[in-house]
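Make one complex out of these two single chains by using the hints.
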Amino acid sequence: MKRFLARNAPGYIFLTPWFLGFFLLALGPILASLYLSFTRYDMVSDPRWVGLKNYDYMFTRDRRFWKALNVTFTYVFLSVPARLAMALGVAMLLDKGLRSIGVYRAIFYLPSLLGASIAIAILWRELFEIDGVINGILGLFGIEGIGWISQPSTSLYTLVILAMWQFGSPMLIFLAGLRGIPRDLYEAAEIDGTSKPRQFFRITLPLLAPVIFFNLVLQTIESFKTFSSAFIISNGTGAPADSLLFYTVYLFNEAFKFFRMGYASALAWVLLIIIAFFTAISFLTSKYWVHYENDRD
Amino acid sequence: MAGLSLRNVGKSYGAVSVMKGLTLDIVDGEFLVLVGPSGCGKSTLLRMIAGLEDITDGTITIGDKIVNDLPASKRELAMVFQSYALYPHMSVRKNLAFGLQNMKLPKAEIDARVNEAARVLQIEPLLERKPRQLSGGQKQRVAIGRSIVREPKLFLFDEPLSNLDAELRVQMRVELASLYNKLGTTMIYVTHDQVEAMTTMASRIVVLRKGTIEQVGTPQELYTRPANLFVAGFIGSPKINMFEAKATKGAGGIHISMADFSGFEIKGLERNVDRVTVCIRPEAFVLGAGSVTVEAKIDLVEYLGSEILLHTSLPSGQKVLVQTNGKEKYAMGQSVNFGFEPSDVHIFDHNGDRVPFEHEALEE
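Just so you know, the sequences run in chain order D and X.
Every number in the working numbering is 7 more than the matching position in the first sequence, counting from 1.
Letter 32 of the second sequence, counting from 1, is numbered 19 in the working numbering, and no numbers are missing.
Simulated from the structure, these hints should not be mistaken for lab results.
Quantities reported herein were computed from a predicted structural model and do not represent experimental measurements.
Don't take every hint at face value.
[To be verified] Here are the simulated distance ranges between beta carbons:
(1) SER202/D with LEU170/X: 26 to 34 Å
(2) THR199/X with ARG106/D: 29 to 37 Å
(3) MET99/D with LYS169/X: 25 to 33 Å
(4) GLY109/D with PRO343/X: 51 to 59 Å
(5) ARG190/D with ASP247/X: 51 to 59 Å
(6) LYS169/X with SER202/D: 42 to 50 Å
(7) LEU212/D with THR199/X: 28 to 36 Å
[What the hints assert, rightly or not] If you want a taste of the chain X side facing chain D, the calculated C-beta under 10 Å gives, among others:
(8) GLY38
(9) PRO58
(10) SER60
(11) LYS61
(12) TYR71
(13) TYR74
(14) HIS76
(15) MET77
(16) GLY86
(17) GLN88
(18) ASN89
(19) PRO93
(20) ALA95
(21) PHE251
(22) LYS254
(23) LEU291
Just so it is clear, CB atoms sit at the ideal spot from N, CA and C, and this is done for glycine as well.
Okay, chain X solo, but in the shape it has when bound (with noise of 0.2 Å):
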């Protein structure tokens, strides 16, 4: 097991930086989920951990040793890549095997690896089965148990669910979340889907866009306090709503206003703000309660059986999404009256930065 740390580490491919200084540490045993829409640089940054792709600037550090020039195969580190990567000439057996015959181990420790393996894994009616003859499921199974019979410092997981239908999606979700606490190795995990950012077994998440940092959090921090605009809008589902609105001096504050809703104060804006951004998730606005409220129009109504999400507009046009539980009975066309509490609504300013307030220090 180790710990692993980036220092200003870039990727640029000529002229064109993908990268560009980027730090991060990862705790040993830690599982650190990272986390962005497509072309933001995690898969890169995974190739770079693993050392099929050289790093152009900074260093990265695994355990305690410098790797820049070291070898993939010198790592320590295993992964598992979104197409599996199984040798299709080989049967199961022969697959798991392979790397530790490169590894020169006694053909007896070989056997007993590969059998433990497969146990753990449940695989072991299918070892002589060659990878044709799997099911997206077992082959998922099989590239798992090629990484763990390695014993390996460290695990990279390459978007390792995204070809498998949803239910077996969230199944090896659940697997893995085992073998991750059977195992307590430091685990990375790829995926461009926030859902299973936040719902695979992270101690962090990493958030990335177009090769920068925008936060690490706990998955709990990066919904209750996403650190920016992209972030509050990358995170959570159903998505959440967000308001032009003007803020002001007021008396006992900040006077927010926003169209369509009645205004609202909030105590301690620390910065000199004028026009922000209110978020809102869709699970914070409550029907016919809250102090903020505002009269808007059913469009559409997916029933989610637990839930129900009510698209609706405002007067001034503005579409908004309303979480609410799947007791009551609503219609297209319908008006309906909802609001929120000043203390749920996140605030950014013009630059897409988190603006604390007062209700936040006190909630520390």
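Extracted from the complex, chain D is given alone in its bound form (with noise of 0.2 Å):
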């Protein structure tokens, strides 16, 4: 021990400030929520041990809950290969070797790095209400605008195109693994004749796959988590009709604005199996398309 001591202490001691920053700032709140989920908190008294009852509240009788759950899922599932193929599409734009390309990647990847600001989501409420631009450019046209925000039948789909627009950290991702393509590839490819759509889907996906995984994998943590945009778009009440209810807004407005500390904790276990059950099909499945050792044709 004392050997062991001595050979590694200094390393421990280096260490120290990141095993503190995980230990209290991570790990220990992360096993607090745990153990509050099991309980009724509301910040003022004790919490009280309640066994599974958050959970069996949660999956009988809250209808919010299932709601939320779809609006969620729902969102997840237009938005993140939405997303994925905007990213692809706009790094083979800019794959093509255009001249000063640097000033196009930072652009192209502005709205990613304002879209989760409060700004974007504001700016976005003005484009899509009643009165915003997006019917105003309608209206040149003779067309009569909806509130595409105010309407629930639509106003899930203003957020998957802001989604969309947000494609920026998975496009510099793409465009990487697009600089990593050898272009002998495409040559030989050419001289054999092989039409564009072809090169595409059977030398660009196939060699693209561990980046379009990764990228899967990333996205789809990411928005499950989405939580800003939503909540002031809604202005912090899933309105309207509760259609624009994400998981993380009904979870924020248990624990902050009902204080009902143990119910979301036990929320945002739910959420974090939810990911990691996404996140392990993608893994469980890549293996027959990452690779593509079951290739046939």
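Quick look at the structure:
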């Protein structure tokens, strides 16, 4: 033990700030929230142990929980493919070897930097409101607009479009991936008379599969956790008619509006399990499409 | 099969011209090697023929069709890349079949062609493997296979052997030669290695430098009658020896005087020259003999088995390479006497152009 310490003490001393951060700021709250999820806790009185009651209520009686799940799933399943497709499309355009590509890259990345910010969410509201910019443009063509955000049937889709617009970070990763595919392969394909779509589907996509996979996992997680845009656009309520009741918005309201900390903790753990589940599915299926071991035609 | 002709072909990137007024005819069924130091434009020329780079001047004709504006896929040629350019996610079989599927051939025909190519190149046991499971030589074979299945009119090879080790390179060279004999298709082969250029089955070699053709000829022609100093220095290993010399009118012809050596006379120097460069190949020297002789000191002895390479210095300090058979023993610091026959030298004027003299006229 003495020798172990003598040899490794300096290392551990250097690790101390990280250990402190991890245990006090990450692991501690995580475990605390797990405990709180089995209690009733309003931040004033002490937490009271209620066993599985929170979870029981969530799954059997809480209709808003199911509504929030529905909204979030719809959003994830629409926005992730849309954003990835957009990101790949723009990355392929930039990969064509444009001049001053750095400038374009920065410009295209900008929405993602701003995307999570309050300002963009407010801008989005201005764009899509009944007297917003979109309706103004539609009006020029004689089309009468609707309140895109105030109508439950369209409000979620405006957020999907916002998500699509924030394609910056997956786009950069796609661009790096595209750069990694040797030019020779395309030249060989060119000489062999391979059409552009066939080059895309038979060369680009398969060779990009690991990058697509990485982006898919990251964006799915990101998408499940979407909060600020939904919170701002729905004025923090999930309105209209709970059509923007994202899971995180619901969780936030339970925690910080109604001070049902125990229940909110339970909601957080369920979200964690959902995200873990989808990540696991991505990893499990990846061996069938990332390396194309079952490639057949 | 098809011949190919280049007429005044030029290439420039903006204001920078990398190739100018290149004219070359390649006959049907010829094996042409493009050789030159790196940056000479040989790969660019090949890519221009392939249609991967456009030309900014002149015309390229394949068969009897001008192909300037024809995309690569319509030129009916195949190319083997230095990197092999195999699709890493496809099996060898799929790599071979990929180009044929583009041609919309029936499946039975594709299978037949793939199997035939695999048989010819002896890669049948590898058909279900992925490229990463292959050795360099096997990948090279697959790359060649991918080009032959399409039965092109013209084969282009871009430094196909440079990623292989020395032994494999020799072996693949032999296999390429036999493939060429079997197919008889026009082939254009790019290499930076003059030894490879000389030892492949080249019908003719084109020596390029800085985007221009220095000389076109059979391997023998390039070796025995280099058109200029650059070709003399580039072709041949070990490297040719170069000596500064003075040419003056003598009694029976032109008198050439070099430092260290006794002077000699040659007949029929056509041009009026004064300062010349005399080039002598290491194997043209004979130890203890020759009509023009010199005494030198041995700096280094390279024993190559069948022959010995002597690195020597002349009294003036000039270094001279002498090649001799491997029977005698030599030591560093030893003095040796060697000489040459005037008929074995190459003479170049101050522009570096070959100066023909009588001896050569007699040869023809």
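Are any of the numbered hints broken by this structure? If so, which, sorted upward?
Those not satisfied are hints 3, 6, 7, 19, 20, 21, 22, 23.
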